[in-house]
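Construct the entire structure; sequences and hints are all you get.
Numbers 1 to 357, taken from the working numbering, label the letters of the sequence shown in order.
Since the hints were made in silico from the structure, they are not lab data. A virtual CB, placed ideally from N, CA and C, is assigned to each residue, including glycine. Do not take every clue at face value.
In the EDC-like style, the derived pairs of lysine to aspartate or glutamate whose C-alpha atoms are separated by at most 16 angstroms in a straight line are [as the list claims (entries may be wrong)]:
hint, residue 1, residue 2
1, Lys94, Glu128
2, Lys251, Asp163
3, Lys251, Glu268
4, Lys251, Glu272
5, Lys212, Asp192
6, Lys251, Glu168
7, Lys212, Glu193
8, Lys251, Asp171
9, Lys251, Asp229
FRET-style restraints, in silico, Cβ to Cβ [unchecked claim]:
hint, residue 1, residue 2, range
10, Lys212, Arg173, 16 to 26 angstroms
11, Pro227, Arg18, 50 to 60 angstroms
12, Thr241, Ser346, 34 to 44 angstroms
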Amino acid sequence: MMLPTLAHERVVSTVGRRSGLPMTVAVHSTALGTALGGCRLWSYEQWGDGLADAMRLSAAMTLKCAVAGLATGGGKSVIALRPGQVLTPEERRKAFLDLGDLVESFEGAYRTAEDVGTSTADILVVRERTEYAIGLPADRGGIGEPAAPTAAGVYASVQTTLDRLGLETADLRVTVIGLGQVGSRVAQALADEGAALTVTDLDPARRAFAEKIGAEWVPLADAMTRPTDVVVPAGVGGLLTAEAIAALDCKAVVGPANNQLADADGDEQLAERGILWAPDFVVNAGGALAAILTELEGLPPAEVDARIAGIGRTLADIYDTASADGVTPQQAAVRIAERRLADAASGALPVMQGVES
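This is how it looks when you write it as structure tokens:
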């Protein structure tokens, strides 16, 4: 997933003076407004892997915000841990104070938020050093845990995809890979609608949740090869390698995991196999929409919910465009994003004016 016409505007990697941890802020684009992207706290073999992750994820945020019609650019931050490293509460606090200083050094060009490995409590620590952080706890005026709006957008995307394929939820076979805050909500919603679920997670403790909702648990290595209708990647990215795509036995892949495609032409590999892939940066936009529209634009909950539900309509338009133009859904979505970015750069699109999803 790339925007070949745009390079990153600014990327800074440093070592936190309190924590001693490598951390990166990558700003991909501010053409539509201040860059937004959560902070990922994750383990990497090399600190440079965290830098590369920040750059990939920030580019995806540019796409996400542009396609969703937000007056926001794309950015990301990453705090890199060593494999197996676990932070004490004191070490964690130092890390997010350091992040706050790094974010502040961007002088308003970048806002951070919660992401994989981080929480609203961490964002409160960041706010001690900078005002440029959103996704605060609900009792502090924020949206709190963003998993619910993210899951709502995923569910809307699944329903749109089912409509496209002529399938019904009650007769559906779904494989959910990753049962974290978002994946478990999506799995629960689909189970409630009568779908037959196969699930897996890196954490074996999540098997108890699988039993609770009546889902079949399989090892992670087997999840991608099980016959199913829809695969929902809801964990870490890079799952859709060429080998994994060749082994898929499904009609569609629709999920919230970022950067699902391991290769730049992964969307074409899926299309060649007749598998409909919903671009991840469209599917997982619910959390960003909720945070921006609630905390920055002050929209009431009903309007925010309507915009999140509109992710399904946006995806339907992308499917229509892809079919009409003979391109993949990702290529159609990237064209929409590039057109909006070009309009903003030329002054044809007012920077602070969003479009309806």
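*Is 16 to 26 angstroms a correct range for the gap between the Cβ atoms of Lys212 and Arg173?*
holds, 19 angstroms
*asked:* Does Asp229 sit within 16 angstroms of Lys251, going by the straight-line distance between their CA atoms?
replied: holds, 5 angstroms
*Is the straight-line distance between the alpha-carbon of Lys251 and that of Glu268 16 angstroms or less?*
The hint holds at about 15 angstroms.
*Okay, Pro227 versus Arg18 on CB: inside 50 to 60 angstroms?*
For Pro227 and Arg18 the Cβ distance comes to about 51 angstroms; the hint holds.
_Quick check on a hinted range of 34 to 44 angstroms for Thr241 and Ser346, using CB atoms only._
holds, 38 angstroms
*Can the restraint linking Lys212 and Asp192 be considered satisfied, given a maximum Cα separation of 16 angstroms?*
holds, 12 angstroms
_Given hint Asp171 paired with Lys251 - CA-CA distance at most 16 angstroms_ = holds, 14 angstroms
*Below or equal to 16 angstroms on CA atoms is what counts here, so check Lys94 against Glu128.*
Holds, at about 11 angstroms.
_Hinted pair Lys251 and Asp163, Cα distance within 16 angstroms_ = holds, 12 angstroms
_Lys251 and Glu272 were given as a pair; does the straight-line alpha-carbon distance stay at or below 16 angstroms?_
holds, 12 angstroms
*For the pair supplied as a hint, Lys212 and Glu193, is the alpha-carbon distance within the 16 angstroms limit?*
The given pair, whose Cα atoms are some 15 angstroms apart, holds under the 16 angstroms limit.
*Would you check the hint for Lys251 and Glu168, treating anything up to 16 angstroms between C-alpha atoms as holding?*
holds, 13 angstroms
Violated hints for the displayed structure: none, as all numbered hints are satisfied.
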